[in-house]
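Student: As given, the protein sequences belong to chains A and B, one line each in that order. Counting in our numbering, the first sequence runs from 1 upward without gaps. Counting in our numbering, the second sequence runs from 1001 upward without gaps.
These are calculated hints, taken from the structure and not from any lab test. As the structure is a prediction and not an experimental result, all values here were calculated from the model. Be aware that one or more of the hints could be misleading.
[As the list claims (entries may be wrong)] Keeping only pairs whose Cα atoms sit at most 16 Å apart, straight-line, the calculated EDC-like set for lysine to aspartate or glutamate is: (1) A:Lys123 to A:Glu450; (2) A:Lys405 to A:Asp273; (3) B:Lys1226 to A:Asp309; (4) A:Lys226 to B:Asp1308; (5) B:Lys1123 to B:Asp1186; (6) A:Lys413 to A:Asp194; (7) B:Lys1226 to B:Asp1308; (8) A:Lys226 to B:Asp1173; (9) B:Lys1413 to B:Glu1366; (10) A:Lys405 to A:Glu366; (11) A:Lys226 to A:Asp309; (12) B:Lys1226 to A:Asp308.
There are 2 protein chains.
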Amino acid sequence: MTSVSETRQDHDDRNLRKVQNTQNAQAARDVPGDASDHAPRPALSRRRLLGTVSAAGATGLALGAAAGATGYAARRPDPPTALTTLGTGSVPFEGAHQPGITTPMHARGHLIAFDLAPGAGRKEAAALLRRWSASARAIMAGEPAGGGDTGVALDAGPSSLTVTFGFGRSFFDRTDLTDRRPAALDPLPAFSSDHLDARRSDGDLWIQIGSDDALVAFHALRALQKDAGTAARVRWQMNGFNRSPGATPHPMTARNLMGQVDGTGNPKPSEPDFDRRIFVPAKPAAGTPAWMAGGSYAVVRRIRMLLDDWEKLPLAKQEQVIGRHKSDGSPLTGGKETSELDLDRTGPDGRLVVPANAHARISAPEANGGAAMLRRPFSFHDGIGPDGTPDAGLLFICWQADPLKGFVPVQRKLDRGDALSAFIRHEASGLFAVPGGAGPGEYVGQRLLES
Amino acid sequence: MTSVSETRQDHDDRNLRKVQNTQNAQAARDVPGDASDHAPRPALSRRRLLGTVSAAGATGLALGAAAGATGYAARRPDPPTALTTLGTGSVPFEGAHQPGITTPMHARGHLIAFDLAPGAGRKEAAALLRRWSASARAIMAGEPAGGGDTGVALDAGPSSLTVTFGFGRSFFDRTDLTDRRPAALDPLPAFSSDHLDARRSDGDLWIQIGSDDALVAFHALRALQKDAGTAARVRWQMNGFNRSPGATPHPMTARNLMGQVDGTGNPKPSEPDFDRRIFVPAKPAAGTPAWMAGGSYAVVRRIRMLLDDWEKLPLAKQEQVIGRHKSDGSPLTGGKETSELDLDRTGPDGRLVVPANAHARISAPEANGGAAMLRRPFSFHDGIGPDGTPDAGLLFICWQADPLKGFVPVQRKLDRGDALSAFIRHEASGLFAVPGGAGPGEYVGQRLLES
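Kindly generate the complete structure, drawing on both the sequences and the hints.
Tutor: Below you can see the structure in the form of structure tokens.
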């Protein structure tokens, strides 16, 4: 442990050395990748990091330095050197697809929907998307937002910030672009278990912000809100979170606030049909507008969890509801998390081991004609609701090339017979067309708004 | 970058090796410390980590392994090895002082206040504090909470979790312990700028939860709520956050949501009078009840920031309001963040460089008879309020041996003439007596409730 009598100068000196070591480590990781690969990568960050990059290699020092780490009151202790890579991770703004779709789940997120202001049309929308893209491009690289940065992200690296923009169905009426509206934006069907609040649903424009640092995410939210100016008004806004990087030693599939491993069946980019299922092709099929090339559709649901009820249920009952073991997400029919469910197996009592109404059975891709969506949610917790129960649950966000082949058929089946539905409540819903990523000098949505 | 065609088994194998490396690194850091030192330290964490500890040393591999890190859809990428220390950090429950006071600021926090249920008195309160201490002792060590753990923290290490318990003034009436109530719990004076909501203020019992992982913090919140059973009812609950460990390369003083460096003047444990100012002595002076030995007093204020107004103010005006530079927190009279303010210096126009109503001038310890409090806040952001402005600001928490020598004199001065007061609003307030830490086998508050 560092002596508490250490001087501030000693302390600063030691940290500077660590920053240098870290930069070297990052240089070693900075190998070229596909521009459409939105995994975080090392990048130049804000001014605190600039000027401290050293060319000398000393990777072996990293954990030695960690041995000297300690804390002092109300300050974060010197992080082990490699911990500082959290801040320096950055995700490219440009690419075939927008960031924030295949980017690993973020520790913090904000969702915000806007409606165009009365009188604002296509011209104002184009100017707004241009401003938004300029800001996103800057802050995702760790640069200040234009026009009076709030300073909230100063000192921090980009912390893998992503900003993702989408258009709601109503946007196309407001901008006289109805002829370019994808059929995939037709309203989602009503589900019998919906308890939707229209004021927190839909919207002309939607932005998803994600970062591994809460202040970086908040900074982005405020910058983009400011950019809206008089062109658009906030319709709704929600905050979410996931596990912090490093809290688990494995890159575990996420857990949700019910304690369930959640996301096991997600398609993987390594699967040959991943792109086809999640993204509109570079040459869209007939009937899909050309401006959606490389795009995707996001279904957003605020799913309240009735945690007081859920937590009263004994573990064995919870596992029957889900069809998987809580401890590791493995099917009740055995194996490990990624093992396939044996949907036909019966127990000694002759009953199905994975019950007929188990969530995992009903939502299994094989039970839904291979329907595939990429779920990339945030948990939310907005304190205690007016009814005294926790206002907590899942900001469910799923991505697919076609909602009618992804979310809709699965939700239809869940709506009819999912044992989990007694413990959740869909409180808000949105469906957004998320265009492909911007090219150099381009803004997101330009191909819709200017072609 | 790892090839996306890597098999799951390859992936797991590589991670297992990394866990082993990390454990070795932690073993190197695990040096004995003062039991009252609540800086996080390595510890055994949950079952995923158990069984993977290797005795072989291979610290030099850490950053080499990081060079192979990448991500795949909707999963965190393999973190650089040392990143996994975030989860394994743990803070001891026992000690002269409770944890969560001098512990470095946490990325996530929950505050929750309870009132004893009608009919519940000293006996029920003692049983409740016993349950709470048992749970805190377990979950701070990464063990499950008793009686039906929700599973939300499974897979994660303790992530530097702390749980801190306090008693409000009303607690002593409810438990017939008025004769043991410290005079320091006398109600705070009313301040002219207060806009306090009684429903979100005060409370018989108060718990502060902090962790560097959001799910670990939420898990603790639910476990402690469950422990309350029929003995106590939630009065109010708030959520907060700070920068993530590693987002900044330096252990910077925190920034708040106004973008200001906040906490520069905090007393440091290395200062000779730190303990005297922050903690009640082991042998309390006459007039202070013996059960408060090693304790402290927490003042909690929900301070809403009027960010729409603040962000419209040009940078130079913001700096006049604060008296410091926004970029690095240095005084307007020059130097670096920790330099003293030159309160008498005038500029070429003959006016004070640090204006008479600047926040830093009025709150300076030297301007307040050496009043000292340890500020350890969280930011909060509860979305957009009914008035359309961000419901965001600071969960101000300050710690002191005597509120009449810490918070009260400083707030009195700020209340009379702080330029910052036009941009903030105190919306809720609490004052809690936080007893000393538990000894082996003891529960927090036992010396009050059983002696």
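Student: It remains to establish, for every hint, whether it holds in the given structure.
Tutor: A quick look at each hint next to the structure:
no.: 1; hint: A:Lys123 to A:Glu450; result: holds, 9 Å
no.: 2; hint: A:Lys405 to A:Asp273; result: holds, 14 Å
no.: 3; hint: B:Lys1226 to A:Asp309; result: holds, 12 Å
no.: 4; hint: A:Lys226 to B:Asp1308; result: holds, 9 Å
no.: 5; hint: B:Lys1123 to B:Asp1186; result: violated, 24 Å
no.: 6; hint: A:Lys413 to A:Asp194; result: holds, 14 Å
no.: 7; hint: B:Lys1226 to B:Asp1308; result: violated, 39 Å
no.: 8; hint: A:Lys226 to B:Asp1173; result: violated, 49 Å
no.: 9; hint: B:Lys1413 to B:Glu1366; result: holds, 13 Å
no.: 10; hint: A:Lys405 to A:Glu366; result: holds, 13 Å
no.: 11; hint: A:Lys226 to A:Asp309; result: violated, 41 Å
no.: 12; hint: B:Lys1226 to A:Asp308; result: holds, 9 Å
In the structure shown, a violation is registered for the earlier hints numbered 5, 7, 8 and 11, in ascending order.
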